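Protein chains in written order, with our numbering: chain A, 1 to 294; chain B, 1001 to 1311.
Derived from the structure by calculation, the hints contain no laboratory data. In this text the structure is predicted, and so the values were computed from the model without any measurement. Mixed in with the good hints, there may be bad ones.
[What the hints assert, rightly or not] Derived EDC-like pairs: lysine to aspartate or glutamate, alpha-carbon spacing no greater than 16 Å straight-line:
| # | chain 1 | residue 1 | chain 2 | residue 2 |
| --- | --- | --- | --- | --- |
| 1 | A | K171 | B | D1031 |
| 2 | A | K219 | B | E1130 |
| 3 | A | K250 | B | D1174 |
| 4 | A | K171 | B | D1034 |
| 5 | B | K1135 | B | E1059 |
| 6 | A | K127 | A | D93 |
| 7 | A | K115 | A | E125 |
| 8 | A | K250 | B | D1081 |
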Amino acid sequence: MSHKGKSLTRRDFLRGTLGATLGASVLGTKFVTAGGSAASKSLVTIVRDQNAMDASNNVNSGVLKTMLDQTLIKFTGKPTAKDAWLSLVKPEDTIGLVPTPHLNPTHQEVTDAVKNSLIAAGIPEGKILNAQGGPDKPEACTALIGLPALKAHWLTGIGTVMKLYILYSGKPSYYHDQNNAKLGEIWNLPCCKGKTRLVLVDSLHPLCDKGPQVNPTYKWAYNGLIAGTDSVAVDTVCLRIIMEKRKLMKGEPWPLSPPPLCVEAADKDYGLGTSNWDNIKVENYGWEEELLLG
Amino acid sequence: MTESKPILPKTVGLWTRPDSPKFVNAQNIFDYMDGAGELYIGYRFDHLEYYEYKAKSQEDILVEIYFMKTSDDAFGLLSLDWGGEPVDLSQPSQEKASTISAHWPRALYGEGLLRLWSDNIYARVMAYQETPESKQAVLALGHSISKDRRNPPRPDLMKNLPDSFEPNWAIRRDRASYFRSHLVLNSIYYLGQENMLDLDHTSESLTAPYERTDSSGDKTRIRFLLVKHSDNERARNALAHFHRVYLPEHPLQIKSGYSEKTVNVYPIEDGWMGYKLQNNIIAFIFECPDQETARTIINQIWLYTIQKKEV
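Please take these sequences and the hints and turn them into a complete structure.
Rendered as structure tokens:
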């Protein structure tokens, strides 16, 4: 889609020159896809349990642990959560956990569950760090586990996976609005390039409107964990879930604005993964009501 | 009525506040709310005072009082989302107010969050856990914030928002917004990356969709946008900027005036768009199904905006 050096307007989306993901998100139309071979598809798993939160939206840590184990096993194909972790990270790694810090932040229970699971897999507790913050955080790590929360964002359209490392840039406001397309370049900075071993999205209680502050009217109990190693594919699935929920909530098209340029640009401009729906294999397990995959 | 600071109760229901609020200004707003600060800076923001009410065995209630430089700016913040249940805070019982289709509410409540506009204040009062007790406390706090304060009318520019256009287009009031910043415009209706309309704190704008109302069930929408700049030259320059970025294939021929012939209409990807410049005001219409609709509607806007009342 390369748009570098060009001032994008609404008309570029309408012409379809920016590709399927963006056109769909701006105009509220169906995701357009182009064929991809099954062998090359990026796997994204969704594990949901209706009892992950109670009626007051308190997280049930026992259910969450089971969901995390299932996610790890299903995603890697390994027999146990321990084997799964050890296929993703090495015992000698210094592992940084990267949760979403603001506006519908990642549940602490999710971060704790991942940390405990890593410890159970044999990773020393002292080698597991909170890596959210400035560029010094990922520099101290040899592996990163992204733990974003599922949410829309008023300056970047979607504020989930691609936006997760924004503080690593040292200039987060630079990436708002028109520059949200450049969020992918942060993933290629030396401090974090190639270090992401897994993206695990906290989609227990997502936010489908952009904010900028949380309005609980636009939160809902999805009760899910979404996982993948292709960060762009995971964000593409997250984008679809948010768009489907917005349509469902309003009973009419409710496009994201500004458009989430970052997702497709991460694919086309920065080569971080695929935003083409046909190149993504989504496997879902557990509770199926309102899965919101279109 | 006074314009003094609201006096919040020390205790409301089960909840008690600290003795003094915390202050946030334009210099440290990003420390407090990350990128959300851009929204408030996009209006004429003065400062924010906030309290966290706490209660044993209950989730907190957060009270944020945004002191804006004008009532218009406070209204603008509320206008970004008309969702929720309208409430009338002028009555101690906080009875339900009429819906947005009948009036423009000054306070809206939904799932623990109350948002209100009271003179130059925009406030958010949020119970992190909605219960009957917390809802009662949130509404009581809203009443305290707005008590004995003036209730100025909506911004003058909003009065130039017709309820309908002939022959069969009706406003979607629940999506009508007032703003000063291109970031806010892009969060409502994305036009493009650049600040192509040269919006800033000296300008004011409003936008709303209009929906076809005939019996066919066709819910076709058009988008109306009105921009008022501080003077005629700024408006003309802003329109030229818009035209260069948005309509580069069309020669720039900005015509101004009252006559029907001065409407500029263009076919683009999502239908016909049109604009009209008069003095310091630019009216735009987007997504019209045909040229005649674009021309007719923009002339109606002009009759409503200029001839009814000189802005």
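- Looking back at the hints listed earlier, which ones does the structure fail to meet? none
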